[in-house]
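These protein sequence lines map, in sequence, to chains H and E.
Using our numbering, read the first sequence as starting at 1 and increasing by one per residue.
Using our numbering, read the second sequence as starting at 1 and increasing by one per residue.
Some clues are possibly wrong.
The list that follows gives simulated cross-link-like pairs (lysine to aspartate or glutamate, EDC-like), each with its CA atoms no further than 20 Å apart [unchecked claim]:
hint: 1; chain 1: E; residue 1: K86; chain 2: H; residue 2: E135
hint: 2; chain 1: E; residue 1: K79; chain 2: H; residue 2: E138
hint: 3; chain 1: H; residue 1: K35; chain 2: H; residue 2: D73
hint: 4; chain 1: E; residue 1: K80; chain 2: H; residue 2: E138
hint: 5; chain 1: E; residue 1: K79; chain 2: H; residue 2: D116
hint: 6; chain 1: E; residue 1: K79; chain 2: H; residue 2: E135
hint: 7; chain 1: E; residue 1: K86; chain 2: H; residue 2: E44
hint: 8; chain 1: E; residue 1: K80; chain 2: H; residue 2: E149
hint: 9; chain 1: E; residue 1: K80; chain 2: H; residue 2: D73
hint: 10; chain 1: E; residue 1: K79; chain 2: H; residue 2: E41
hint: 11; chain 1: E; residue 1: K80; chain 2: E; residue 2: D121
hint: 12; chain 1: E; residue 1: K80; chain 2: H; residue 2: D64
hint: 13; chain 1: H; residue 1: K15; chain 2: H; residue 2: E41
hint: 14; chain 1: E; residue 1: K80; chain 2: H; residue 2: D116
hint: 15; chain 1: E; residue 1: K80; chain 2: H; residue 2: E113
hint: 16; chain 1: E; residue 1: K79; chain 2: H; residue 2: E113
hint: 17; chain 1: E; residue 1: K79; chain 2: H; residue 2: E149
Just the calculated beta-carbon pair ranges, DEER-fashion [stated by the list, open to error]:
hint: 18; chain 1: E; residue 1: G132; chain 2: H; residue 2: D49; range: 53 to 59 Å
hint: 19; chain 1: E; residue 1: P125; chain 2: H; residue 2: D127; range: 35 to 41 Å
hint: 20; chain 1: E; residue 1: G132; chain 2: H; residue 2: N55; range: 45 to 51 Å
hint: 21; chain 1: E; residue 1: R62; chain 2: H; residue 2: M132; range: 49 to 55 Å
hint: 22; chain 1: E; residue 1: P125; chain 2: H; residue 2: V58; range: 42 to 48 Å
hint: 23; chain 1: E; residue 1: A193; chain 2: H; residue 2: D49; range: 44 to 50 Å
hint: 24; chain 1: E; residue 1: P83; chain 2: H; residue 2: P102; range: 48 to 54 Å
hint: 25; chain 1: H; residue 1: Y151; chain 2: E; residue 2: P125; range: 41 to 47 Å
hint: 26; chain 1: H; residue 1: S4; chain 2: E; residue 2: Q67; range: 57 to 63 Å
hint: 27; chain 1: E; residue 1: D52; chain 2: H; residue 2: E29; range: 26 to 32 Å
FYI, nobody ran anything at the bench for these hints, they're computed from the structure.
Quick caveat, the model's predicted, so the values are computed rather than measured.
The beta carbon of each residue, even a glycine, is placed where N, CA and C say it ideally should be.
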Amino acid sequence: MQESLQIVVQRVQEKFGEAVLGVTEFRDEVTVRVKREVWRELHEFLKLDPDCNFNLCVDVTAADYPLRDQRFDIVCHMLSLNKAHRLRTKAATDERIASLAPVWRTANWEERETYDLFGVVFEGHPDLRRIMMPEDWEGYPLRKDYPLEGYDSQGLPG
Amino acid sequence: MGVLENKFSDNLITTTVDSLINWGHKTSMWPLIMGTACCAIEMMAVGYSRFDVLERFGMLYRFSPRQSDVMLVTGTVTKKMAPVVKTIYDQMSEPKWVIAVGSCAISGNIYNSYSTLQGVDRIIPVDVYVPGCPPIPEAITYGIMELQRQIESGRRLRKKVPVTDVTAQPHENVDLIRRPGRVGMPTAQDYAAHLDDDVLSTPSTYQQLEGSFPKKSDD
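Bound conformation, chain H alone (with noise of 0.2 Å):
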C-alpha cells in the first residue's frame, strides 16, 4: 500500500474506529468499507483532512445484490491530485443512503445516473431526477431483476 494511503487509512480508523468494517487491498487498490450513517461524515472528511485531501470524487455508483437483506453497495471512487492518491469507500444500504453532492459537485450528476438505473435515493441530494432514461421511464434498468428488453417488451414496439 502506498505510503500516504497507509496515513488514510490509519486516520480514518482513528476517526471512525467500529464504523469501519473492514480495509481490503486487491492490486494495489485499497477499499474501505464503512456502515451506511457514516457516509456522509466520511467524505466530509476525506476531503478536508490535509492528510486525506480527496479533491476530486471520480465516481459514485452502485452494486445490486439482489438477495442480500441490504441489497445494494454503493461504491465511491476518489482522487487526490496533490497527494496522488486513490481510495474507493462502500456501504449496503437498501434504496436509501446519503448524498455526496453537498461534498462534491462533480456527485451531483454520478447521484442521478445511479438513482436512474439502480433507484438508489440519495437523500440530501439538491436535484434528484432521472439523467439519462427519459422522465417517464418505469423500472431501474441496472438493477438485477429488472427484464434485458424491458417491461413492456412483451410484443409490443420497442
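Take the given structure of chain H and dock chain E to it, following the hints.
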C-alpha cells in the same frame, strides 16, 4: 401540388410532367442528417472529397427539416431519441423520403434491449434500407441511387397503380413478430435462479446438461 396529385390517367402530358417532376426531385434530394450513432461517420465520408457523392447527385446536407427532402437515419435510435426523430420527420415538408442506414436503424441490431428501438420503421416509414455495421460509403451511395430509382418511377400527377393482389392481407400486428434471435434467450428469471451459486464451481445447469447429452459411442 396537393390538388393535382394522383388525379389523372396516363397520357402524353401527364407522363411528361411526371418525369419532369421526378427528375427535379431525384436530382436535388437534400438530405437531413439524422446522425444518431457511429454510422454517421460513414455518412460524413460520403460527403467528403474522397467519395464526393453528394455534389454529383445534386445533394447538400441540410441541418433543418424544413429545407430537406430525404432523412438519413444513421445509427442506433434509442427510445429516448425516438420521439425526437418522429417530430423532426413530421416537420419535413412533403414529398419526403427516409433512408435507414445501418443495421441498428433497420432492426436494432444486437441491441435487443430495453433502451433501443427495434428499427426506425416502427415510428416512421422507410423507403430504402442500407444494411451494414456500418455500411461502407459505397453502400450508402448505392442506397441513394436506389432511392433515385424509386423516385424516378414514382407517379405524381398520374393515378396510382391499383393493387393487383386483392387477396393479400396486411400483417395484423407487425409488432408481435419475433425474430429468431429472441427465441430461447435466457430471461432475467433464469439468471436470478442462479445468483446464489458459487461462481467458481460448475453451475448446476451445466451438470444437468452434461447428463442429458448422448454418450460418445466406442467406435
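A quick look at each hint next to the structure:
1. K86(E) to E135(H): 18 Å, holds
2. K79(E) to E138(H): Distance of about 13 Å is within 20 Å: holds.
3. K35(H) to D73(H): With a Cα-Cα distance of about 11 Å, the restraint between K35(H) and D73(H) holds, given a limit of 20 Å.
4. K80(E) to E138(H): 13 Å, holds
5. K79(E) to D116(H): The given pair, whose Cα atoms are some 15 Å apart, holds under the 20 Å limit.
6. K79(E) to E135(H): Since the Cα atoms of K79(E) and E135(H) sit roughly 12 Å apart, the hinted pair holds (cutoff 20 Å).
7. K86(E) to E44(H): Since the Cα atoms of K86(E) and E44(H) sit roughly 46 Å apart, the hinted pair is violated (cutoff 20 Å).
8. K80(E) to E149(H): Distance of about 15 Å is within 20 Å: holds.
9. K80(E) to D73(H): 28 Å, violated
10. K79(E) to E41(H): 39 Å, violated
11. K80(E) to D121(E): 16 Å, holds
12. K80(E) to D64(H): 24 Å, violated
13. K15(H) to E41(H): Holds, at about 10 Å.
14. K80(E) to D116(H): Answer holds: K80(E) to D116(H) is near 14 Å, not above 20 Å.
15. K80(E) to E113(H): 15 Å, holds
16. K79(E) to E113(H): 17 Å, holds
17. K79(E) to E149(H): With Cα atoms ~12 Å apart, K79(E) and E149(H) stay inside 20 Å; holds.
18. G132(E) to D49(H): 53 to 59 Å: Given range 53 to 59 Å: holds, Cβ gap about 55 Å.
19. P125(E) to D127(H): 35 to 41 Å: The hinted range 35 to 41 Å holds for P125(E) and D127(H), with Cβ atoms some 39 Å apart.
20. G132(E) to N55(H): 45 to 51 Å: Holds - the Cβ-Cβ distance for G132(E) and N55(H), about 47 Å, lies within 45 to 51 Å.
21. R62(E) to M132(H): 49 to 55 Å: Cβ of R62(E) to Cβ of M132(H): about 29 Å, so the range 49 to 55 Å is violated.
22. P125(E) to V58(H): 42 to 48 Å: Roughly 46 Å apart at Cβ, these two residues keep to the hinted range, so it holds.
23. A193(E) to D49(H): 44 to 50 Å: 46 Å, holds
24. P83(E) to P102(H): 48 to 54 Å: 34 Å, violated
25. Y151(H) to P125(E): 41 to 47 Å: Violated, at about 28 Å.
26. S4(H) to Q67(E): 57 to 63 Å: Since S4(H) and Q67(E) have Cβ atoms about 60 Å apart, the given range 57 to 63 Å holds.
27. D52(E) to E29(H): 26 to 32 Å: 51 Å, violated
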